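Peer 1: All chains should be built: construct the whole structure from the sequences, respecting the hints.
Heads up: the sequence lines are chains A and B, in that order.
Residue 1 is where the first sequence starts when you use our numbering, and the numbers rise one by one after that.
Residue 1001 is where the second sequence starts when you use our numbering, and the numbers rise one by one after that.
Some hints could be false.
When the alpha-carbon atoms are kept at most 35 Å apart in a straight line, the in silico DSBU-like pairs for lysine-lysine are as follows [to be verified]:
(1) K1115(B) to K1201(B)
(2) K201(A) to K1048(B)
(3) K1201(B) to K1107(B)
(4) K201(A) to K1201(B)
(5) K1220(B) to K201(A)
(6) K1201(B) to K192(A)
(7) K1115(B) to K48(A)
(8) K192(A) to K115(A)
(9) K178(A) to K1201(B)
(10) K1048(B) to K1115(B)
(11) K1220(B) to K1115(B)
(12) K48(A) to K1201(B)
(13) K1192(B) to K178(A)
(14) K107(A) to K220(A)
(15) K1192(B) to K1115(B)
(16) K115(A) to K48(A)
(17) K1107(B) to K1178(B)
(18) K220(A) to K201(A)
(19) K1192(B) to K201(A)
(20) K1201(B) to K1178(B)
(21) K1178(B) to K1192(B)
(22) K220(A) to K192(A)
(23) K220(A) to K115(A)
(24) K107(A) to K178(A)
(25) K201(A) to K107(A)
(26) K178(A) to K1048(B)
(27) K1192(B) to K1220(B)
The set of hints was computed from the structure by calculation and includes no laboratory data.
Computed from a prediction, not measured in an experiment: that's the story for all the values here.
Chain by chain, the residues run as shown.
Protein chains: 2
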Amino acid sequence: MEIPVIRDILEESNARARENRELFDRHGVFVVNMMSSPGSGKTSILMKTIPLLRQQGVSCAVIEGDITTSIDSQRLQPLGIPVVQANTEPFGGDCHVGSHLVQGALKYLDLHAIKLLFIENIGNLVCPAEFYLGEDCKVVVLSLTEGEDKPLKYPLMFRECRLCLLSKIDLSPYLDIKIGELQSNIYSVNGKMEIIPLSAKSGDGISIWVDWLLSQMNRKT
Amino acid sequence: MEIPVIRDILEESNARARENRELFDRHGVFVVNMMSSPGSGKTSILMKTIPLLRQQGVSCAVIEGDITTSIDSQRLQPLGIPVVQANTEPFGGDCHVGSHLVQGALKYLDLHAIKLLFIENIGNLVCPAEFYLGEDCKVVVLSLTEGEDKPLKYPLMFRECRLCLLSKIDLSPYLDIKIGELQSNIYSVNGKMEIIPLSAKSGDGISIWVDWLLSQMNRKT
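Peer 2: Encoded structure:
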């Protein structure tokens, strides 16, 4: 008699992620998994970032993770790039983008025409950090409005990411945030984290983040 | 031969929550489950709220949910009230406070001496909304910095809560947020939501929120 085996959910997730990775490698697509709390500015940052990348000859696409709406995809429409909305509601309202969802989204993208793919994850500083989607690197966006202590309170997220974008720096004159303390807290959970302060509103720091992306892509090829 | 039954996780969770509820009822404790994104200001709001409640003769306590630190409990220490730190890391780093965790925390509280218990949930706008802990009401804190679209993107949270505290209103002159649109979005997912704008920094709105809590407690008795 055969013994029924329920495959470990993480094993299944990683199998899909490795299939995604194989596709990305075959087409030479660099993939960035962007994560953050709700409302930290991921979409606003992409809206400022992608036109600068295009000026550098880098064709972009975005997989927009969300539980239930397509608000962020609509915001990206004016950029004229391929965007796929990936909602988790049909999958039980998951609180993170899963590798199966990315796999489903890839059917709608022509990977031959894409050099850089952003996966904008669901706004959540906990669960998305646990899952490999096949990406080249994970980036966390942390708004200055969220306080100094978040790296300590959500350590897995800050351990998993290669880069932290400190967003909304235009608001720093109006906040009590101690940026030095915030940076120390980041380094205390991830000593090799790179940090780029920026503001989608003022545009400050966006070109530094674009250069960082280009250097990561070049380092790979 | 006996058939092994794995109890549904939600059934188990609700069983613990009902036990908590029974304890609260027996001691006449009103319980508020406060939820939000990371960094929306839950702890800062409690620091301003609890002294005003004490002036009204309401003795408070807090169960501080967190994945791994006791930062928020330490912040509340100067209030001189009972605080129990409830970390999910020993339970696998859960992204929400569970009813079993509340049950564990209650062993450290003298419920005879408490009229109002706050459960400060883990900063997460998704998963905490799914779980009943035995509370009287759920309250969501939404910072103005998070944008107008959050009620649409995290509808379960806004459907489950009775009150939405719009926090950090001191920052509104420096944000592009359309508060009317934000309110419409809240009402579109929950037509009976009550909304109180406030700022822990300036103190604006805190007394309205205190009055709201007192009215909820009075309505019950």
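Peer 1: The structure should be examined with respect to each hint, and the outcome stated for every one.
Peer 2: Now for the hints, and whether the structure bears them out:
1. K1115(B) to K1201(B): holds, 26 Å
2. K201(A) to K1048(B): Holds, at roughly 31 Å.
3. K1201(B) to K1107(B): Cα-Cα ~33 Å, so holds.
4. K201(A) to K1201(B): Cα-Cα ~24 Å, so holds.
5. K1220(B) to K201(A): violated, 46 Å
6. K1201(B) to K192(A): holds, 34 Å
7. K1115(B) to K48(A): violated, 50 Å
8. K192(A) to K115(A): holds, 26 Å
9. K178(A) to K1201(B): holds, 16 Å
10. K1048(B) to K1115(B): holds, 18 Å
11. K1220(B) to K1115(B): holds, 12 Å
12. K48(A) to K1201(B): holds, 31 Å
13. K1192(B) to K178(A): violated, 39 Å
14. K107(A) to K220(A): Judged against 35 Å, a Cα distance of about 25 Å means the pair holds.
15. K1192(B) to K1115(B): holds, 26 Å
16. K115(A) to K48(A): holds, 18 Å
17. K1107(B) to K1178(B): violated, 45 Å
18. K220(A) to K201(A): Answer holds: K220(A) to K201(A) is near 31 Å, not above 35 Å.
19. K1192(B) to K201(A): It holds: about 34 Å lies between the C-alpha atoms, which stays within 35 Å.
20. K1201(B) to K1178(B): holds, 21 Å
21. K1178(B) to K1192(B): holds, 20 Å
22. K220(A) to K192(A): Given pair K220(A), K192(A) holds - Cα atoms ~18 Å apart, limit 35 Å.
23. K220(A) to K115(A): Judged against 35 Å, a Cα distance of about 12 Å means the pair holds.
24. K107(A) to K178(A): Measuring from Cα to Cα gives roughly 45 Å; hence the hint is violated.
25. K201(A) to K107(A): Roughly 33 Å between the alpha carbons, so the hint for K201(A) and K107(A) holds.
26. K178(A) to K1048(B): Holds, at roughly 21 Å.
27. K1192(B) to K1220(B): Status holds; Cα separation ~18 Å.
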